[in-house]
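Asks: So the sequence lines, in the order shown, correspond to chains A and B.
Note that the numbering used here has the first sequence beginning at 1, numbered continuously upward.
Note that the numbering used here has the second sequence beginning at 1, numbered continuously upward.
Please note that a few of the clues may not be correct.
[As the list claims (entries may be wrong)] What follows is a list of derived Cβ distance ranges for each label pair:
(1) A:Gly100 <-> B:Arg247: 48 to 54 angstroms
(2) A:Pro26 <-> B:Arg247: 27 to 33 angstroms
(3) A:Asp147 <-> B:Gln13: 57 to 63 angstroms
(4) A:Glu81 <-> B:Pro119: 50 to 56 angstroms
(5) A:Gly100 <-> B:Met199: 47 to 53 angstroms
(6) A:Gly220 <-> B:Arg299: 48 to 54 angstroms
(7) A:Glu27 <-> B:Leu301: 45 to 51 angstroms
(8) B:Pro119 <-> A:Asp147: 38 to 44 angstroms
(9) B:Glu35 <-> A:Ala241: 35 to 41 angstroms
(10) A:Glu140 <-> B:Ala284: 51 to 57 angstroms
(11) B:Glu30 <-> A:Ala71: 38 to 44 angstroms
(12) A:Glu27 <-> B:Pro119: 48 to 54 angstroms
(13) A:Ala71 <-> B:Leu33: 23 to 29 angstroms
[As the list claims (entries may be wrong)] From the derived model, a few chain A residues whose C-beta atoms are all more than 10 angstroms from chain B:
(14) Glu59
(15) Asp83
(16) Glu96
(17) Ser146
(18) Val153
(19) Gly164
(20) Gly190
(21) Gly204
(22) Ala214
(23) Lys218
(24) Asp236
[To be verified] Straight line, CA to CA, 25 angstroms or less: simulated SDA-like cross-link-like pairs of lysine to any residue:
(25) B:Lys273 <-> A:Arg102
(26) B:Lys50 <-> A:Lys33
(27) A:Lys218 <-> B:Pro51
(28) A:Lys218 <-> B:Arg207
(29) B:Lys273 <-> A:Leu84
(30) B:Lys273 <-> A:Asp238
(31) B:Lys273 <-> A:Glu228
(32) B:Lys50 <-> A:Leu84
(33) A:Lys33 <-> B:Phe210
(34) B:Lys273 <-> A:Ser86
(35) A:Lys218 <-> B:Pro87
(36) B:Lys50 <-> A:Glu27
(37) B:Lys50 <-> A:Asp60
(38) A:Lys218 <-> B:Lys50
(39) B:Lys273 <-> A:Lys218
(40) B:Lys273 <-> A:Leu3
Quick caveat, the hints were computed from the structure, so don't treat them as lab data.
None of these values were measured; they are calculated from a predicted model.
In this text, a Cβ means the ideal position worked out from N, Cα and C, and glycines have one as well.
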Amino acid sequence: MFLTDARVEGRRQVARAMWVITLDAPEVAATVKAGQFVNLGLNPGPLLRRPFSVYRAIEDRIEVILQAVGAGTAQLLALREGDLVSCLGPLGRGFEIRSGGRSAVLISGGLGVAPMPVAARDARAAGLQVTWVHGARSAEDLCSESDGDAVIVATDDGSAGFAGTSVAAAPDADLVLACGPNRMLAAVAGRWPDAQVAVETYMGCGTGVCLGCAVPLKRGGYDLACTEGPVYRAGDVDWAALPSHLHYAATA
Amino acid sequence: MSVDMTVRIGGLQLRGPVMAASGTFGYGTEVPLLERRALGAMVSKGIFLKPRHGTAPPRIAETPSGMLNAIGLQGPGAEALIRDYAPQWAGWEFPVLVNINGESVSDYGELAARLDGVPGVAGFEVNISCPNVEQGGMYFGNDPRAAAAVTEAVRRRTRLPVWVKLTPMVADIGVIARAVESAGADAVSAVNTFVGMSMDINAYHPRLSFGTGGLSGPAIRPLAVHLAHQAARAVDIPVIGVGGIMRAEDALEFLIAGCTAVQVGTATFVNPKAIADVHDGIAAYLATKGFASLAELPRYLPRD
Ligand SMILES: Cc1cc2nc3c(=O)[nH]c(=O)nc-3n(C[C@H](O)[C@H](O)[C@H](O)COP(=O)(O)OP(=O)(O)OC[C@H]3O[C@@H](n4cnc5c(N)ncnc54)[C@H](O)[C@@H]3O)c2cc1C
Ligand SMILES: Cc1cc2nc3c(=O)[nH]c(=O)nc-3n(C[C@H](O)[C@H](O)[C@H](O)COP(=O)(O)O)c2cc1C
Ligand code: FES
Chain A
1 MFLTDARVEG RRQVARAMWV ITLDAPEVAA TVKAGQFVNL GLNPGPLLRR PFSVYRAIED
61 RIEVILQAVG AGTAQLLALR EGDLVSCLGP LGRGFEIRSG GRSAVLISGG LGVAPMPVAA
121 RDARAAGLQV TWVHGARSAE DLCSESDGDA VIVATDDGSA GFAGTSVAAA PDADLVLACG
181 PNRMLAAVAG RWPDAQVAVE TYMGCGTGVC LGCAVPLKRG GYDLACTEGP VYRAGDVDWA
241 ALPSHLHYAA TA
Chain B
1 MSVDMTVRIG GLQLRGPVMA ASGTFGYGTE VPLLERRALG AMVSKGIFLK PRHGTAPPRI
61 AETPSGMLNA IGLQGPGAEA LIRDYAPQWA GWEFPVLVNI NGESVSDYGE LAARLDGVPG
121 VAGFEVNISC PNVEQGGMYF GNDPRAAAAV TEAVRRRTRL PVWVKLTPMV ADIGVIARAV
181 ESAGADAVSA VNTFVGMSMD INAYHPRLSF GTGGLSGPAI RPLAVHLAHQ AARAVDIPVI
241 GVGGIMRAED ALEFLIAGCT AVQVGTATFV NPKAIADVHD GIAAYLATKG FASLAELPRY
301 LPRD
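Same shape as in the complex, but just chain B (with noise of 0.2 angstroms):
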């Protein structure tokens, strides 16, 4: 018996609940010995308008179960996209969104007009993580009017899906899911990495040149589930869970907290076949618990 995986987030219909992270697969391009039918979606790497160099290295380094990364958003930038992505994007049978940033609120609604309607690109994960320039380098996601600014200039320059990253660094992720959830987002992924450090003890500086870097991987998991939870609880549009899924045991979790889909990221980089991996055990988990379907899959989610 084969198991109705399929799933609806935001005016997409997906035919399965995992799908690759941003920044962790590139373009789509890049990732050897791809499995392609295990991908539900794909959300591109984070680009801005313009091309950016990313930061010096070294960018990355490894923690206890987990890496910090600052890679300072490298990208080729709107026009090189359009030219050199989306067309192989078109011809894929599975929706690619972009990961759009800005550092200001309308450079994040220019970068959404610019794609918007452009053959292969399917909707966009606006990433509110990044350093609001004309505010003094406040985060978006961290402010929700700002969130909701943001989210709103990208709402109103474009008709395709409009998902929005949440930061974890926040006191309370549900006010920030409800602002861009009122601001016209179709839904939410939670959450992108928590900042971190990590010191060189013979150099007497930052492992990372950038200082501090974004911590992902198993480390952050449980932290990662509790906040998709807390913003699945706070909003009624679909939470993509993200943080830390290595095995389908960890995609579950999100689900069972109340996420619609999942994204696999760092896994990535550590098992070239991870998201194949993740969708064909949640597929046989369901099957060895009988459930004809993932929406059967029982969700803890109490009601305030």
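Isolated chain A, as found in the complex (with noise of 0.2 angstroms):
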């Protein structure tokens, strides 16, 4: 885990209101693995970090893809190339991605695409087939980067590929990853209990320590997303318990 104060190097618009931006993070890039995070901070701004998926990590830099929903992603938008942002991580335990098998599905509900090129990266590298199938409200809100790969496209409206949810519109594959809000992942657990899923919560701290990130179980009890998270056995993780209230991905 590193902290570092990353420079920001540039952005570029993926969706509507959707942007990628790209900062430079050597120890972050060099190490990340698909599904961990970064924990970035503003100073001044929030007094909590927040937390984002790494993107995509090239060389000494990495990518996040955000949205605006409040004050800080606000700010981290308003961020200039050249600006600082401080950088903590990376953060949390991945997607488990092992040869074997021959295809892996990437399903993914609006900002949910947040890790799945590096996931893609090491699927690939895992020598499997990657089908990614993107959903959105509708055509506007797709990110449908794709890294050259499969792509299924899923819009709520129908106004581009399949109507209805990624979830529905998705195949059946070896390996099954998906990241959206928690509501699209207790669907997804329906279909495939054994699938690895990126959940949402509220996190103070990223590290550990503050015990804020709680994923209610179905053994019971309560689980970090920071440290033991924020990856899960769909078919682990008590839906029910688990609030969808964070803006993140606010749609499948």
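Join these two chains into a complex; the hints should help.
Replies: Here's what the structure looks like:
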């Protein structure tokens, strides 16, 4: 884990109100695994850091995909090239992508696409045939980056691709990875209990000391999303007890 | 010139005045990038005798310059603490105190007795911000008699240092501080979180599943400085200031207000190196002012 002042290197728009920012963070870029996140801090800014999946790692740089949902994300999107943001990471236990099997499907809802490029990279490296399933409210909300792999698109309003959710549009595969609103992940759990899903919770510290990021488990008790997650076996989470409160990936 | 930063608190000699506050540092094994050299002491996450699952999410909510938490004292219980953590603490070069909690006076005493003599446990911080289940859920910390009873129950079962963590939710913190001093406390920590509430205006209910939560962070600092100061005026035992310390300057406010040492809590969530930064900043300040030791720092402590 590293704590650095990362320089903002650029920003590009990937869908309506959805942006990717590039940060210079060599240690994170070199070590990040699929599904891990960074905790970004702004000073001046909100008191607590904000967790973001690493979208891509390219040489010395990482990318983060985001939408302005509140003060912190709005401030991150207002940063200019050369500005500094405090970056703590990589954090959490990411996806477990092992060789064996032939196919992987990466199912996302809205901003849930965030951990998928690194997951696709690792799945390809493990010899798996990768298919992305992007879901969004409508065509303009789709981030359709898919790095050359096969893509299926689903929209709630039918304005692009399959009319319905990304979960409904997804084919079966040997490895199922999903990220999006918790209610979407609950649907994933219904269809593939063995799928690996990245959940969202409020986070205080991101490092396992505040116990704020509790994820209720089927077997009883709680786990910490920041250190034991954010990736879980879909069938292990008590979805009814996990609030779907975050604006993160507001749509499936 | 290096400044003498050592402090003495109720039988413990600390190499520096900055400690990790309970519940913000886990059991000391989790904090990343930890700079141990700067830690005067560590207070563990609060535990009960028995394991506890804690409250349902959402457990935290950010507020202006602060945060509310309702963790519900999730913890592994005394046996797991003795097995998994205390052996590691025994090898550390700073003392670890265990923050102890209970639902009855006898709970506290039993927990202290169980942990007394365990290598690695250097003392106790008694959290009296717990509901007294035997007396209808009244908080021990709100009532001088209950606070004294808990302190005495712990005092009787251990020869280790006993610190009492005071709640700010009282009419006169001096009264509680004096009560626990008379009952045998070696020091008091002031203060715990303030009880607060925040509403989700889209869902029409509180942002925390528990309803209320404890407010911490810079938002409470001036309140905490005042309460720590009032406690310091009321008792002769050392007072440990806690509440909203983010930087050395904040810690110095508590020290000048009459505190012997300080604890850093929420700041660690934001900056994993906060304790080291505060420690180094105090040392640099003292050197700049020409003091050879922390003991020389002038205190504002008028006697009534
Ligand atoms: C492991 C993880 C990975 C994430 N990855 C991404 C990502 O790649 N891209 C992305 O856009 N978003 C991601 N999020 C969500 C992102 O962290 C929140 O959208 C962000 O914190 C909101 O901050 P804000 O100040 O803009 O919003 P605020 O005004 O503070 O609140 C807006 C909403 O954001 C959420 N939020 C606020 N504080 C936190 C917090 N400390 N932790 C989590 N959620 C919070 C709440 O739902 C809140 O209602 C991720 C969250 C987690 C837990
Ligand atoms: C998430 C969290 C958990 C806490 N847990 C405990 C606890 O178990 N026992 C205790 O006495 N105080 C606990 N506290 C209170 C802190 O030790 C401290 O008194 C308070 O947060 C004020 O200091 P700060 O503003 O520096 O955080 C907790 C605080 C937070 C934020
Ligand atoms: S966010 Fe603090 S323990 Fe997970």
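Asks: It remains to establish, for every hint, whether it holds in the given structure.
Replies: Cross-check of the supplied hints:
Hint check: A:Gly100 to B:Arg247, Cβ distance near 51 angstroms, so the stated range 48 to 54 angstroms holds. For the pair A:Pro26 and B:Arg247, the supplied restraint of 27 to 33 angstroms holds, since their beta-carbon distance comes to about 28 angstroms. For A:Asp147 and B:Gln13, the Cβ-Cβ distance of about 59 angstroms falls inside the hinted range of 57 to 63 angstroms, so the restraint holds. Checking the proposed 50 to 56 angstroms range against A:Glu81 and B:Pro119 shows it holds: the Cβ atoms sit about 54 angstroms from each other.
A hinted range of 47 to 53 angstroms for the beta carbons of A:Gly100 and B:Met199 is consistent with their spacing of about 49 angstroms. A hinted range of 48 to 54 angstroms for the beta carbons of A:Gly220 and B:Arg299 is consistent with their spacing of about 50 angstroms. Taking 45 to 51 angstroms as the suggested C-beta distance range, the pair A:Glu27 and B:Leu301 conforms, at roughly 47 angstroms. Range check, B:Pro119 to A:Asp147: Cβ separation about 54 angstroms, and the 38 to 44 angstroms hint is violated.
The supplied range of 35 to 41 angstroms is met by B:Glu35 and A:Ala241, whose beta-carbon atoms lie about 38 angstroms from each other. For the hinted restraint 51 to 57 angstroms between A:Glu140 and B:Ala284, the CB-CB distance of approximately 53 angstroms keeps it satisfied. A beta carbon spacing of about 28 angstroms between B:Glu30 and A:Ala71 contradicts the range 38 to 44 angstroms that was offered as a hint. The hinted range of 48 to 54 angstroms is not satisfied by A:Glu27 and B:Pro119, whose Cβ atoms lie roughly 37 angstroms apart.
Between A:Ala71 and B:Leu33 the Cβ separation comes to about 27 angstroms, which falls inside the hinted range of 23 to 29 angstroms. Even its closest Cβ contact with chain B, about 24 angstroms, leaves A:Glu59 beyond 10 angstroms, as expected for a residue assigned away from the interface. For A:Asp83, the non-interface assignment is confirmed: its Cβ lies about 19 angstroms from the closest Cβ of chain B, beyond the 10 angstroms cut-off. Interface exclusion of A:Glu96 from chain B stands, the closest Cβ pair being 22 angstroms apart, more than 10 angstroms.
No beta-carbon of chain B is positioned within 10 angstroms of the beta-carbon of A:Ser146; the least distance is around 33 angstroms. Once the 10 angstroms rule is applied to beta carbons, A:Val153 is consistent with being away from chain B; the minimum gap is 30 angstroms. Even its closest Cβ contact with chain B, about 26 angstroms, leaves A:Gly164 beyond 10 angstroms, as expected for a residue assigned away from the interface. Its beta-carbon lying about 21 angstroms from the closest one in chain B, A:Gly190 satisfies the requirement of being farther than 10 angstroms from that chain.
In this structure A:Gly204 is not separated from chain B by more than 10 angstroms, as the shortest Cβ-Cβ distance comes to only about 5 angstroms. With 10 angstroms as the threshold on Cβ separation, the claim that A:Ala214 sits away from chain B is violated: the shortest Cβ distance comes to roughly 5 angstroms. Non-interface status of A:Lys218 relative to chain B is upheld: no Cβ of that chain comes within 10 angstroms, the nearest being about 14 angstroms off. No Cβ of chain B approaches the Cβ of A:Asp236 within 10 angstroms, the least distance being about 16 angstroms, so the stated non-interface status holds.
Only pairs whose Cα atoms come within 25 angstroms are accepted, and B:Lys273 paired with A:Arg102 is rejected, the gap being roughly 44 angstroms. Proposed proximity of B:Lys50 and A:Lys33 is contradicted: the alpha carbons are some 37 angstroms apart, above 25 angstroms. Note on A:Lys218 and B:Pro51: the hinted pairing holds, with a Cα-Cα distance of about 18 angstroms set against a maximum of 25 angstroms. For the given pair, A:Lys218 sits about 23 angstroms from B:Arg207 by alpha-carbon distance, which is consistent with the 25 angstroms threshold.
Only pairs whose Cα atoms come within 25 angstroms are accepted, and B:Lys273 paired with A:Leu84 is accepted, the gap being roughly 18 angstroms. A distance of roughly 35 angstroms separates the Cα atoms of B:Lys273 and A:Asp238; the hinted pair therefore is violated under the 25 angstroms criterion. As the CA atoms of B:Lys273 and A:Glu228 are separated by approximately 22 angstroms, the hinted pair is consistent with the 25 angstroms bound. With a C-alpha separation of about 45 angstroms, the suggested pairing of B:Lys50 with A:Leu84 is violated against the 25 angstroms cut-off.
Between A:Lys33 and B:Phe210 the CA atoms are separated by roughly 35 angstroms; this puts the pair beyond 25 angstroms, and the hint is violated. As the CA atoms of B:Lys273 and A:Ser86 are separated by approximately 13 angstroms, the hinted pair is consistent with the 25 angstroms bound. Under the criterion of a C-alpha separation no larger than 25 angstroms, the hint pairing A:Lys218 with B:Pro87 is inconsistent with the structure, at around 32 angstroms. Of the pairs offered as hints, the one joining B:Lys50 and A:Glu27 is violated, with about 41 angstroms between alpha carbons and a cut-off of 25 angstroms exceeded.
Proposed proximity of B:Lys50 and A:Asp60 is contradicted: the alpha carbons are some 47 angstroms apart, above 25 angstroms. Distance restraint check for A:Lys218 and B:Lys50: the Cα-Cα separation of roughly 21 angstroms lies within the 25 angstroms cut-off, and the hinted pair is therefore satisfied. A threshold of 25 angstroms between alpha carbons decides the hint, and for B:Lys273 with A:Lys218 the separation of about 36 angstroms lies outside it, so the pair is violated. Between B:Lys273 and A:Leu3 the CA atoms are separated by roughly 9 angstroms; this keeps the pair inside 25 angstroms, and the hint holds.
Checked against the numbered hints above, the structure violates hints 8, 11, 12, 21, 22, 25, 26, 30, 32, 33, 35, 36, 37 and 39; every other hint is satisfied.
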